[in-house]
Amino acid sequence: MSLNTIEILLGVESDVRVATLFERYSDLLLARLQRSNPDIGDIPEELEYIVDELTISRFNRIGSEGMISETMDGHSANYGDISAETSLTAYEDVINAYLSPESENTWGTVRFL
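So the sequence shown is residues 1485 to 1597, counted in the numbering used here.
Certain hints may be false.
Cβ-Cβ distance ranges computed for the label pairs, FRET-style [as the list claims (entries may be wrong)]: (1) G1495 - Y1533: 15 to 23 Å; (2) E1507 - E1529: 16 to 24 Å; (3) R1545 - D1511: 37 to 45 Å; (4) N1544 - S1584: 47 to 55 Å; (5) P1522 - A1574: 50 to 58 Å; (6) A1503 - T1573: 52 to 60 Å; (7) T1555 - S1520: 36 to 44 Å; (8) G1558 - N1521: 25 to 33 Å; (9) R1501 - Y1533: 19 to 27 Å; (10) T1489 - T1573: 35 to 43 Å; (11) A1515 - S1584: 39 to 47 Å; (12) G1558 - S1520: 17 to 25 Å; (13) E1507 - D1557: 19 to 27 Å.
No lab work stands behind these hints, which were simulated from the structure alone.
C-beta atoms are modelled at their ideal positions from N, C-alpha and C, and glycine is treated no differently.
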């Protein structure tokens, strides 16, 4: 997705808040990837959805930062810790899988004693 697509999904036009969140999460994810592999220059296409989901999720929480629990007419919300770093930890397994892909066809050695 792109910033434009996120703004369409959120129903906003050229919102500085969306652009700021998008840039913040893009930088955060890229920095995380580069800690493990300094040769990565851009966010890989297969991980771009992480930035999109984090941007949309964080934008929807603007105005209710830090809310721990709310229930109204069957709708429940519980945010807890909403820092950018903790938001990214939800995707740590996906990031690690990208950084250390395991080959589906691995050949090993069997020794009988």
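Results of checking the hints against the structure:
1. G1495 - Y1533: 15 to 23 Å: 20 Å, holds
2. E1507 - E1529: 16 to 24 Å: 18 Å, holds
3. R1545 - D1511: 37 to 45 Å: With a Cβ separation near 19 Å, R1545 and D1511 fall outside 37 to 45 Å, so the hint is violated.
4. N1544 - S1584: 47 to 55 Å: 32 Å, violated
5. P1522 - A1574: 50 to 58 Å: 24 Å Cβ-Cβ, so the 50 to 58 Å window is violated.
6. A1503 - T1573: 52 to 60 Å: Cβ of A1503 to Cβ of T1573: about 24 Å, so the range 52 to 60 Å is violated.
7. T1555 - S1520: 36 to 44 Å: 40 Å, holds
8. G1558 - N1521: 25 to 33 Å: 45 Å, violated
9. R1501 - Y1533: 19 to 27 Å: Since the Cβ atoms of R1501 and Y1533 sit about 20 Å apart, the hinted range of 19 to 27 Å holds.
10. T1489 - T1573: 35 to 43 Å: 25 Å, violated
11. A1515 - S1584: 39 to 47 Å: This hint is violated: roughly 18 Å between Cβ atoms.
12. G1558 - S1520: 17 to 25 Å: 42 Å, violated
13. E1507 - D1557: 19 to 27 Å: About 35 Å separates the Cβ atoms of E1507 and D1557, which means 19 to 27 Å is violated.
Going down the numbered hints, you'll see the structure goes against 3, 4, 5, 6, 8, 10, 11, 12 and 13, while the others check out.
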